[in-house]
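Residue numbers (the numbering used here), protein chains in the order written: chain A, 17 to 281; chain B, 17 to 281; chain C, 17 to 281; chain D, 17 to 281.
These are computed hints drawn from the structure, not numbers from a lab. Do not take every clue at face value.
Pulled from the structure, derived: some chain D residues nowhere near chain C, Cβ distances all over 10 Å [claimed, not checked]:
1. P27
2. G57
3. K59
4. K85
5. Q146
6. T147
7. A148
8. V156
9. T180
10. L189
11. K193
12. N230
Straight-line distance between alpha carbons at most 27 Å, and here's what the computed DSS-like set of lysine-lysine pairs gives [claimed, not checked]:
13. K26/C - K251/D
14. K198/D - K20/C
15. K240/C - K177/D
16. K133/B - K20/A
17. K240/B - K59/B
18. K26/A - K240/B
19. K20/C - K177/D
20. K193/C - K28/B
21. K193/D - K20/C
22. K129/B - K193/C
23. K26/C - K85/B
24. K129/C - K193/D
25. K60/C - K251/D
26. K251/D - K151/A
27. K28/B - K20/A
Coverage of chain B stretches by chain C, computed from C-beta distances (three or more under 8 Å per stretch; other residues unrestricted) [said to hold, decoys possible]:
28. 58-71
29. 86-98
None of these values were measured; they are calculated from a predicted model. Each residue gets a CB set at the ideal place from its N, CA and C atoms; glycine is no exception.
Number of protein chains: 4
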Amino acid sequence: MTTKIIELEKPKLKNPIFIEGLPGVGNVGRIAAGYLVEELGAKKFAELISSHFMPFVLLHQSSAVHMLKNEFYYCKAKGKNQRDLILLIGDSQAADAEGHYEIADEILKYVSKFDVKEMFTLAGLSIGEQTAAPKVVGAVSDQELVKKYSKFGIDFDAGSKVGTIVGASGLLLGLGKYYGIKGISLLGETVGFPIIPDPKSAEGVLKVLTKILNIKLDTSKLDKKVKEMEDFIKKIQDVERRAMMQMAKGPEKPGEEKEKLTYIG
Amino acid sequence: MTTKIIELEKPKLKNPIFIEGLPGVGNVGRIAAGYLVEELGAKKFAELISSHFMPFVLLHQSSAVHMLKNEFYYCKAKGKNQRDLILLIGDSQAADAEGHYEIADEILKYVSKFDVKEMFTLAGLSIGEQTAAPKVVGAVSDQELVKKYSKFGIDFDAGSKVGTIVGASGLLLGLGKYYGIKGISLLGETVGFPIIPDPKSAEGVLKVLTKILNIKLDTSKLDKKVKEMEDFIKKIQDVERRAMMQMAKGPEKPGEEKEKLTYIG
Amino acid sequence: MTTKIIELEKPKLKNPIFIEGLPGVGNVGRIAAGYLVEELGAKKFAELISSHFMPFVLLHQSSAVHMLKNEFYYCKAKGKNQRDLILLIGDSQAADAEGHYEIADEILKYVSKFDVKEMFTLAGLSIGEQTAAPKVVGAVSDQELVKKYSKFGIDFDAGSKVGTIVGASGLLLGLGKYYGIKGISLLGETVGFPIIPDPKSAEGVLKVLTKILNIKLDTSKLDKKVKEMEDFIKKIQDVERRAMMQMAKGPEKPGEEKEKLTYIG
Amino acid sequence: MTTKIIELEKPKLKNPIFIEGLPGVGNVGRIAAGYLVEELGAKKFAELISSHFMPFVLLHQSSAVHMLKNEFYYCKAKGKNQRDLILLIGDSQAADAEGHYEIADEILKYVSKFDVKEMFTLAGLSIGEQTAAPKVVGAVSDQELVKKYSKFGIDFDAGSKVGTIVGASGLLLGLGKYYGIKGISLLGETVGFPIIPDPKSAEGVLKVLTKILNIKLDTSKLDKKVKEMEDFIKKIQDVERRAMMQMAKGPEKPGEEKEKLTYIG
């Protein structure tokens, strides 16, 4: 079935900006975009599912199942100098190389229908050590954007620090060119353990982003919100990590069974 | 060729319920659904084959080859308060992540043509130890179903016990939403060795299911039937497990050959 | 590009029988079918190439490259009680599970255009030890064929000896059902080292097959022919085995380079 | 999204020759073709991107992201006895077997639109040891080409030296037959470490190629150019190698994180 986007509502948007924040290192992008969705009261209008996600559903406390998905939200401009927004958050990125390309391409194809011309991708940048003041490093789809965003406190020395941007945040910028969408990746410095969410790094990213977007945002509830999110996000990542380890190790023998996650199938 | 459903007959069904029971932990779902098919005298009307199954055929005692497949059966309502049923049983689930999504999606697309709006997926829930009285744990596609099924002795505490539902039983529930099909997964507690079928757990699942469906079912022959099924099911799973182990280990050297299954190709 | 069949000529065939012999255990099928093609003077009319083959070309002594491919030959009935034949031989089978299904399906789709209703698939059956008189074991797509072929010295006790038939020889039989093609697999017992061709086992298969087909065949040149074929077949299999081992081991470090095959890319 | 070719300009070319030089052993083909593009002032007219490349973008020193891609250039005939040229260079080859076939096939489909009938694929041939005078070994799509190119100092003893040509340089020759394109692979002998570029081997290849094409080329700047290219090429290959090693090892544990490349996602 590859990748499907199911539209729940067709919002009328004017010249919207696209913002992506999916899970990754320190979950920086996911936390930042998720907080923005909540604080702005953004409304979900589409869901993306993909056979490139891991083949399981999660269970909510209520016994309801939860498909792995990415979700599109929109938020109309509220004040002067603001813009309509499309926000993408989600549980998961592709589990394989081909899926990363396909999903990024489907996302761009879809937001292009709303005449998106600009995008922000939010992610973490693993620096291997804790830092008191995590910087926000910028990477752009087009060199001229460095100038445009020069006054927002972004560190534009990514070229010498960073080798690559893996997954959606990078490929959206790279593939965006073929859809006429220019973009910048805001990368919050973080220790670099995928399983430890870094709200502080996310806060740094949010501060830069909201300044650019002319949005006032109270980031004081960020720590609390992250704790709420964390349980569910951790569940997904635990399962994904274990599933990947098991694939790498090969199928287990009966005696090893107890070390596993409770497994249904 | 991906996934194909070959229709043998086009049954006329009224408001049918869809029941899935494919191989998995303890083969709970496979045993329960298989027994139901036999006892109800359900009739096969379609076969599903997929390039996501393992690339071999099995051999029956008669020297006839057997393709890995899933099979759709139907059974018309016989008594009052009963409903027409579509049952899905089979030899195999997908051997790769992408296949799980694709096959679940094809199944839903197909049963949608019969106006299915409700489904039951049957599976085992590995709890790592033997239990005298295995419970039937429920997971639902929609929280409101918990209430609907509250009086059938289902344990609705899955959210705290169970991380995920892997494969068809989970994805059918999750993807069902996009086809307007609501469903519940009935998960029989079992030790959790995929290779040891657990008829007792399957019996628990069947008791709950038949109560909901208003079907009288004599489960006394279950042990005997499982023994009959077992040889063939075991053959498939032996081969699949060995094939997967071999893939994980890489190609063997000539000297190791004798440890292998007899191999033809 | 998946799988392509390139037709070189459109032969007019009457009620042809399809015979497959691709590489596998002991190369029994490949040797038997290849010898038949040569001795009958069969004519090539189509080539099959696939992205499921290994991604390299081989080099002939002449410096000409050789794509991995399967080849379709035909041979018109020459005598009374003979039938037109389509023969499939080749360098390779699919390198992945999905490819096995896809290629078998494309083959069947193609030969169906010539109104094929019957097929023979030729393969080796690894028994783990050398035997003075290798038997020819039969597996059928349909139980009633056991009777039809009962008088040709085929051992129809495959069901208890053999777990599975992996790859083309098995899937062609299994998928053939959906194309209205019935078939039998003739499995020559062999030691079971994929890298050691077994002309004796192939001879046994050929004797049974030619008796069924009413063809007189001098098998005395088989040993000589196998030696001629062997160099090229061995080259392919060496490379495939090394490639598979390397994949299983992961990418090598510079210092290991000398142990490898000469490599171009 | 599989593989896409994005055309930037539609050049009018007369009877063009196609030349491929993508990364590989010693980067011989990549260096030779890249140098030719620069020295001839060839103009880019199309880009190829593929979900079979690794799923990341690279970062330029300027903070601009760089998608992995292959690039088509053209160059009109400048002198007598010269021909219009299409040159293909790029950052990457497919990361999986299926991708190699697909990308080679898309390339051939595309250049066929310009009526290409002849091609040269440039690559390195790993010989496992340094040599003072690396030879240029030839492999051809058609045996009769050996004669055609016999007077240009090409070593046509490839058949006995070389087992296979892996990836684009080989598959383009092999698949070219189905597009009516004949070709020769010029293979520069090199030590065989993929990560050490070999400008000397590339120079040998260029000398043969330019003699055939009637092009005067000053190869004195080759060493300097290689040093310029090298940083960027090395970055890509470092990341690819590490990514492949990580895949082979399976997901790492938190404690191992510091040994990794700086990672963003």
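Verification of the hints:
With a least CB separation of 25 Å from chain C, P27/D remains clear of the 10 Å interface cut-off, as annotated. Its beta-carbon lying about 28 Å from the closest one in chain C, G57/D satisfies the requirement of being farther than 10 Å from that chain. Distance to chain C confirms K59/D as a non-interface residue, since its nearest Cβ pair spans about 27 Å, more than 10 Å. The non-interface label for K85/D is consistent with chain C: the shortest C-beta to C-beta separation is roughly 19 Å, beyond 10 Å.
Listed as outside the interface, Q146/D is consistent with that label: its C-beta sits roughly 12 Å from the nearest C-beta of chain C, beyond the 10 Å cut-off. Every CB of chain C is more than 10 Å from the CB of T147/D (nearest about 13 Å), matching its label as outside the interface. Listed as a non-interface residue, A148/D keeps its Cβ farther than 10 Å from every Cβ of chain C; the least gap is roughly 19 Å. For V156/D, the requirement that its beta carbon stay farther than 10 Å from each beta carbon of chain C is not met, with the minimum near 6 Å.
With a cut of 10 Å on Cβ distances, T180/D falls inside the contact zone with chain C, its closest approach being about 4 Å. With a minimum CB-CB distance of about 5 Å to chain C, L189/D fails to clear the 10 Å threshold, and the non-interface call is violated. The claim that K193/D lies off the interface is violated: its Cβ sits roughly 7 Å from the closest Cβ of chain C, which falls inside the 10 Å cut-off. Separation of N230/D from chain C is adequate, the least Cβ-Cβ distance of about 23 Å exceeding the 10 Å criterion.
A threshold of 27 Å between alpha carbons decides the hint, and for K26/C with K251/D the separation of about 52 Å lies outside it, so the pair is violated. The suggested pairing of K198/D with K20/C holds, with an alpha-carbon distance near 20 Å, which does not exceed 27 Å. Proximity of K240/C to K177/D is assessed by CA-CA distance (about 25 Å); at most 27 Å being required, the pair is judged to hold. Distance check on the hinted pair: K133/B and K20/A sit about 21 Å apart at the alpha-carbon level, within 27 Å; holds.
Proximity of K240/B to K59/B is assessed by CA-CA distance (about 22 Å); at most 27 Å being required, the pair is judged to hold. Annotation: proposed proximity of K26/A to K240/B is violated, straight-line Cα distance about 56 Å (limit 27 Å). The straight-line distance between the Cα atoms of K20/C and K177/D is roughly 31 Å, outside the 27 Å bound, and the hint therefore fails. For the given pair, K193/C sits about 25 Å from K28/B by alpha-carbon distance, which is consistent with the 27 Å threshold.
For the hint pairing K193/D with K20/C, the CA-to-CA distance comes to about 13 Å; that is within 27 Å, so the pair holds. Under the criterion of a C-alpha separation no larger than 27 Å, the hint pairing K129/B with K193/C is consistent with the structure, at around 25 Å. Between K26/C and K85/B the CA atoms are separated by roughly 34 Å; this puts the pair beyond 27 Å, and the hint is violated. Distance hint between K129/C and K193/D is fulfilled; the C-alpha atoms sit about 25 Å from each other, no more than 27 Å.
A threshold of 27 Å between alpha carbons decides the hint, and for K60/C with K251/D the separation of about 48 Å lies outside it, so the pair is violated. A threshold of 27 Å between alpha carbons decides the hint, and for K251/D with K151/A the separation of about 24 Å falls inside it, so the pair holds. At roughly 31 Å between alpha-carbon atoms, K28/B and K20/A are farther apart than 27 Å, so this suggested pair is violated. For the stretch 58-71 of chain B, the stated coverage by chain C is satisfied: 7 residues place a CB nearer than 8 Å to a CB of that chain, which reaches the threshold of 3.
As drawn, the stretch 86-98 of chain B meets chain C at 0 residues by the rule of a beta-carbon pair under 8 Å; below three, the given contact is violated.
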